[in-house]
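For this one, chain Z is given, so just place chain W on it according to the hints.
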Amino acid sequence: MVIRDGQYRDIRVEEVVLGDLVCISFGDKVPADVRVIESKGLKVDNSSLTGESEPLLRAPECTHDNPLETKNMMMFSTNVLEGTGRGIVIRTGDNTVMGRIAAITSQVTSGPTPISLEIRHFIRIIGTVAFIVASTCFIVSMISGSDLLSALVFMMGIFVANVPEGITATVTASLTLTAKKMRKKHCLVKKLEAVETLGSTSTICSDKTGTLTQNRMTVAHFWARGEIFEAVMCGEDGKPTGRGLPVTGAYGDLMRCATLCSRSDFKEDDTDVPVQKRETVGDASEAAILKYCELVRSQGVTPNAVREYREGYPKVMEQPFNSINKYQLSIHTGGPNNSHILVLKGAPERVLAMSTTMSTEEGPKPIDDNIRKQFQKAYDDLGGMGERVLGFAELILPPDQFPPGFAFDLENPNYPTAGLNFLGLISMIDPPRPGVRMAVHLCQSAGIKVVMVTGDHPITAQAIAKQVHIIDNGIDVTLLIDDTDAPAGEELYGTGRLKKTEAIVVHGEQLKKLSETTLDSIVANYHQVVFARTSPTQKLQIVEAYQRNGQIVAVTGDGVNDAPALRKADIGIAMGIAGTDVSKQAADMILLNDNFASIVTGVEEGRIIFDNLKKSIAYVLTSNIGEVTPFISYVVFGLPLPMSLMSILLIDMGTDLWPAISLAYELPENDIMERPPRDAKIDKLVNARLILFSYMHIGVMQATAGFCTYFFIMMQNGFMPWDLWGLREQWDNKDLDTVADSFGQEWCYESRRQLLRSCHSGFFLSMVMVQWGDLFISKTRKNSMVTQGMNNMVMNTGMISTVVLSCIFLYTPGLYNILAQTPLRMTTTMVGLPFAVLIYMYDEVRKCIIRRHPGGIVYRLTNY
Amino acid sequence: MANGRAKKEEVDYDHGWKEFLYNKRRGTCLGRTSKSWFQITVFYIIFYALLAAFWVGCLAIFLGTLDDKVPRFYGKGTIIGINPGVGYQPWLKENPDSTLIKFNLKNPESWKPYVDQLDGYLSKYKNTNGTRECVGDDNNSNLLADGSAARPCRFSLADFDKAGCSAAKQYGFKEGKPCVVLSLNRLIGWSPVDFAPNSVPEQVRDRYKNGSIALHCDGTNNVDKEHIGKTTYVPKEGISGKFYPYIFVDNYHQPIAMVRFETLPRNKLVLVECRAYALNIEHDITSRLGLVHFELFVQDKKE
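If you read the sequences in order, they're chains Z and W.
Each position in the first sequence, counted from 1, maps to that position plus 177 in our numbering.
Each position in the second sequence, counted from 1, maps to that position plus 25 in our numbering.
This is chain Z alone, in the form it adopts within the complex (with noise of 0.2 Å):
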């Protein structure tokens, strides 16, 4: 609705244009950057925008020089919850704020995830190594006198052996796999690299509303008879924590004041959903009052006992919250001797200077100085947990002036509004969600800083920070809030006002102010932030601050506010209830169920993932010096070939397939939440440890075994290790038929044929024997086998697979001559077992080492 050269006009939002007078009323959605100029009660939902959940009242007076803090300006895309107004078009489309949005966020990109530069750092260093290797084999065989084509050949065949062919593989089982695992913790992850990414996150920017509270106004507090006590919480099954207390006495007129004077209600008699869970009409603090007080009256027991008591209060008259009165009032009858009652909350301050005695136990008593002393404690306090705060108020109307069916007027007043008798306050507060504390915590002992950024209030902020120990209780906290003048210049840790605390709360308006320099300092130095009263832009800025600082940054949030930071964010984090739908379009994993502690099983199920792929590297890395070695030893030493190039194709495209992929299913090892997040400089999926482990370790090992058995068929058919040095060149000759072997026998080309493919089929098999001790030591980086257990099935079967397949390629008629392998006699295959126990128990030594040790010479040899 617009009002064009004077006339009303429906057009649609498309067509609005700047200066155009735009009626707005409740239900509506803006249409535009409005400017207030006119309001009846008009109240706005801006939380797409900020993250606030508050409906904001709008008015024309300018109160803010920010556009989002600013009472008069209306924003595109948001919701009209309550009244009426008429504002002037100013911003449309992409100029206005939420367009800008949409702008930036189009803009920023996080650039490739953690985990492909990992995977393309490692095949760097995997393509130099095999490029290297295969090089120097090459120039040493065409030294030694090989022809060039035989010496391409095994060039080639030690790329090949170099080569870990099943990481691709591995690499994506194991993301779709946690990504399904993740599906059912109620996490969807849109990319599947995010997860890994989540793993080595070092730092979570994490949002207020929604996502560490539940984003429900909920009684904490009240303060009644000078105490101040806890309100009871509802407990999960819908029937309240605890008794509480008795509702007589001076807390029963606080009760009673506080189910009359309301305008809420419930929607429906959905008696059996639990009493937090029912939907209300009415503002969130009224609606968390009525909660309170359904609670409190049902006891879980009664249903709807809060309609049954007001039944018996009828409402008579009834005078709405103004912002200039800040309180609302309401007139009842039911009192005692026929009586009027007048119940009235609001401002605390307000309603305490409205009223001349507060009750107590005692019954009322005037209030002197010492009650209001003790009401500004309880209200400091109050205010200081973050919580907002009503006062209450009611007076019994004196039934000689105020008869039965006394017609009150509200337009002109005939009701006193002085002279009060005070019952209390009740403060309210967006609780934390039930366990997010929890997750918190587990976080920070995985080394996440968990920092808040919000577009509350920095003292709501603060509380629900201490509350879910992002902040620690009784910890120095500087504070960057107060509306003072821009800071000359840069600041650093420690000086001017960074004060040399652990804490540090900073509010949106200071972050503008901020140098870059200054961000960053506290950025690096702080440990515990909480960023107040941010915009959409400032929490890019954070982001962006905390990469610079090196930090793997995610970032929670559910606004059109959180979009750039979401999009710009290592991994963004969106919330699959309360988002919307452009954050989750921004984000790269979305919490179907807006709990922060799901946010806890993807940094597990992430670093699951970097251990498992570094496993799954280091088992399959390892064979290839026991495939190398023999080609080296043809070239250097002259041997018969002791390993075909079929036979390392049917390990690494074989047998060794899939148990490199059932690594991804690993179980976790138990310190993998109390280590802290890796360090993206040092901390590499593939380090030089892990090489020189693999290859130099184990990897030699393997090849002994490997020669072991290559040695051990040679000697059973005669030909002595001393006798094969240099042999090469006779048995490789195809028209010699009398090649002798140490015992004077003499061979002909086609049964040295035979000889050394049974020798290729020995050395695979000992090769697939020790890579299962392989397997068995790869499972674990420091825990021993014994205590991580063979509970990963995938694995099992693997370990089967290996050897069904083994036999397969060795005995299945037909196919081992097309593969070129042999039959092998029972005690032949027995050969590797020793080297795959020496490998297990060395392994199992190391291990134990760098378990008493940490840090000691063995773990930073080894320790991959």
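Quick caveat, the hints were computed from the structure, so don't treat them as lab data.
A virtual CB, placed ideally from N, CA and C, is assigned to each residue, including glycine.
Hints are supplied without guarantee of correctness; some may be wrong.
Claimed, not checked - Chain W stretches covered by chain Z per the calculated footprint, using a threshold of three residues with CB under 8 Å from any CB of chain Z: (1) 147-161; (2) 207-218.
As the list claims (entries may be wrong) - Under 7 Å between C-beta atoms, here's a sample of chain W residues computed to sit facing chain Z: (3) F98; (4) G100; (5) I105; (6) F322.
Then chain W, alone, in the frame of chain Z:
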């Protein structure tokens, strides 16, 4: 560790390759201090020493299970099998991929390598230590039972000398009638089995004698068969059977025979296939068991 409060360890990196090679600040070379290099070297020396010991130990145990006279697997059903291959000499070690015997009658240098090779090959028969004269029916069949006291039969080259295949005559190379040594692959436990009198293959029927392995050489293809000309076998009946079975013993004299190509064409390449004949020798072209291939090329043009 509240909120990641634990101070991160200050990690000092090497910046770039140069510092990786030698970092003065940290006193590291290739990323390690000298102490670290020392430790790592000691570690690897000990580690590999132990591993090598384990490996050698395993091999030694396997070795201990083996007989030093015969391999674990020989004879029927093993890879080496019971079907001997045939070898020929002179085969030049210097040119191992070739089975061509090529020489020029005008150039003594051209056949010298072959003569030298044959000299060397036959020299082992001059060593008669530990051998005995086997006269008449005496043969090697009791060698295995004799154990360490075994004295294998002595092989005499006298027949060859008589037939003009002596070292003095440069094994016929000089005349263009080269003598080529043929031998049967030594296989432990293998002895020739005689043909039944009426089933002797026709190629060797006229020469065959019980107890021997008869030999027959012919051109590989029809063209070669035309060119090969007359061949003489020394001795006529082939390789003597009394030297079988072979056992692993010092100075075993492997029985050989020679074939002399009497009328080789000049300047023509002849592909020769020689087969050995006994009842228990099967001929298999693909695995070349029981036969051998080589090529002869005699030139007489001035180079």
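Now for the hints, and whether the structure bears them out:
no., hint, in the structure
1, 147-161, "violated (count 0)"
2, 207-218, "holds (count 5)"
3, F98, "holds (5 Å)"
4, G100, "violated (10 Å)"
5, I105, "holds (5 Å)"
6, F322, "violated (16 Å)"
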